[in-house]
Amino acid sequence: MAINNSNVTKKDIVEDIALRTGLTQVDTKVIIESFLSSVVKAMSEGNNIEIRGFGRFKIKERKARKARNPKTGEDVIVKAGIKPVFEASRELKKFLNESSIEEIFSESIESKNEQA
Amino acid sequence: MPNVTKQDLIQEIAKSTGLIRNDIKLVIEQFLSLVGEKLIENKTIELRGFGTFVCKGRKARPARNPRTGEPVFLEERFVPTFKFSSEIKDKINFTDILQAEKTLTQEEVLNSIH
Numbered sequence: 001m002a003i004n005n006s007n008v009t010k011k012d013i014v015e016d017i018a019l020r021t022g023l024t025q026v027d028t029k030v031i032i033e034s035f036l037s038s039v040v041k042a043m044s045e046g047n048n049i050e051i052r053g054f055g056r057f058k059i060k061e062r063k064a065r066k067a068r069n070p071k072t073g074e075d076v077i078v079k080a081g082i083k084p085v086f087e088a089s090r091e092l093k094k095f096l097n098e099s100s101i102e103e104i105f106s107e108s109i110e111s112k113n114e115q116a
Numbered sequence: 117m118p119n120v121t122k123q124d125l126i127q128e129i130a131k132s133t134g135l136i137r138n139d140i141k142l143v144i145e146q147f148l149s150l151v152g153e154k155l156i157e158n159k160t161i162e163l164r165g166f167g168t169f170v171c172k173g174r175k176a177r178p179a180r181n182p183r184t185g186e187p188v189f190l191e192e193r194f195v196p197t198f199k200f201s202s203e204i205k206d207k208i209n210f211t212d213i214l215q216a217e218k219t220l221t222q223e224e225v226l227n228s229i230h
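Chains as they are written, first to last, in the numbering used here: chain A, 1 to 116; chain B, 117 to 230.
Please keep in mind that the hints were generated in silico from the structure rather than gathered at the bench. A hint or two may mislead.
[What the hints assert, rightly or not] Derived list of chain A stretches under chain B, where covered just means 3 residues or more per stretch with a C-beta under 8 Å from a C-beta of chain B: (1) 49-59; (2) 64-78.
[Unchecked claim] Covered stretches of chain B (in silico footprint by chain A; criterion: 3 or more residues with CB under 8 Å from a CB of chain A, positions within the stretch not fixed): (3) 143-151; (4) 174-185; (5) 196-207.
Beta carbons: idealized from backbone N, C-alpha and C, even for Gly.
The following block holds chain A by itself, in its conformation from the complex (with noise of 0.2 Å):
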């Protein structure tokens, strides 16, 4: 059950985005889903993305390699081939950091008060 609340799908990012914007909830769902198939489209072009503040969505190739069946320890030949990546940007990994900071403290100086 935890898990499931803890899940955000498109759906619920979609009807805050409206909210948010007073765009209605089609539309912005159209915006959204382009906007994820241009990033795909892209980068199967062979492009980078670079969103400013958010992170870059980065091709890389990977070169042919052997490996092996872990179940059977049978050795395996891995073709090269071209694997997405994502890699956040600083000012996201600072802005997660610094809010789950306060939080602690503001969770620490809630209990501080009901102690008291």
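Following the hints, complete the assembly by docking chain B onto the known chain A.
Coordinates of chain B only, in the frame set by chain A:
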């Protein structure tokens, strides 16, 4: 490798949807900040067919400055991670294979001419 920016994406979305550029910019910016906000609340953002954003905790550990060799202590921290869906991984990998095949056939054509 060419770099695509937010501006480029907005332009492309405007073309494909026919919506106003300002609205698109507003939605995209809200979307990006919402992802951050949800991650702080320790929520997982699952975008079907695209991927999942998760905020993961990292334990505190001693580390070293790779340049100076000076020991540093890294405190407990949170790191945003994103995992691409397998559909997307396949798609990106597949298009590259197709492109590789195309250039090969072009070479073959040239070879056959000479």
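Against the structure, the hints:
With a threshold of 8 Å between beta carbons, the proposed coverage of the segment 49-59 of chain A by chain B holds, since 8 of its residues qualify and at least three are required. Only residues whose C-beta sits within less than 8 Å of a C-beta in chain B count toward coverage, and the segment 64-78 of chain A has 0 of them, not enough to reach three; the restraint is violated. For the segment 143-151 of chain B, the stated coverage by chain A is satisfied: 7 residues place a CB nearer than 8 Å to a CB of that chain, which reaches the threshold of 3. With a cut-off of 8 Å between beta carbons, the segment 174-185 of chain B has 0 residues touching chain A; three or more are needed, and the interface restraint is violated.
For the segment 196-207 of chain B, the assignment as covered by chain A holds, since 7 residues bring a beta-carbon within under 8 Å of that chain's beta-carbons and 3 suffice.
When the structure is compared with the earlier hints, violations turn up for hints 2, 4 and for no others.
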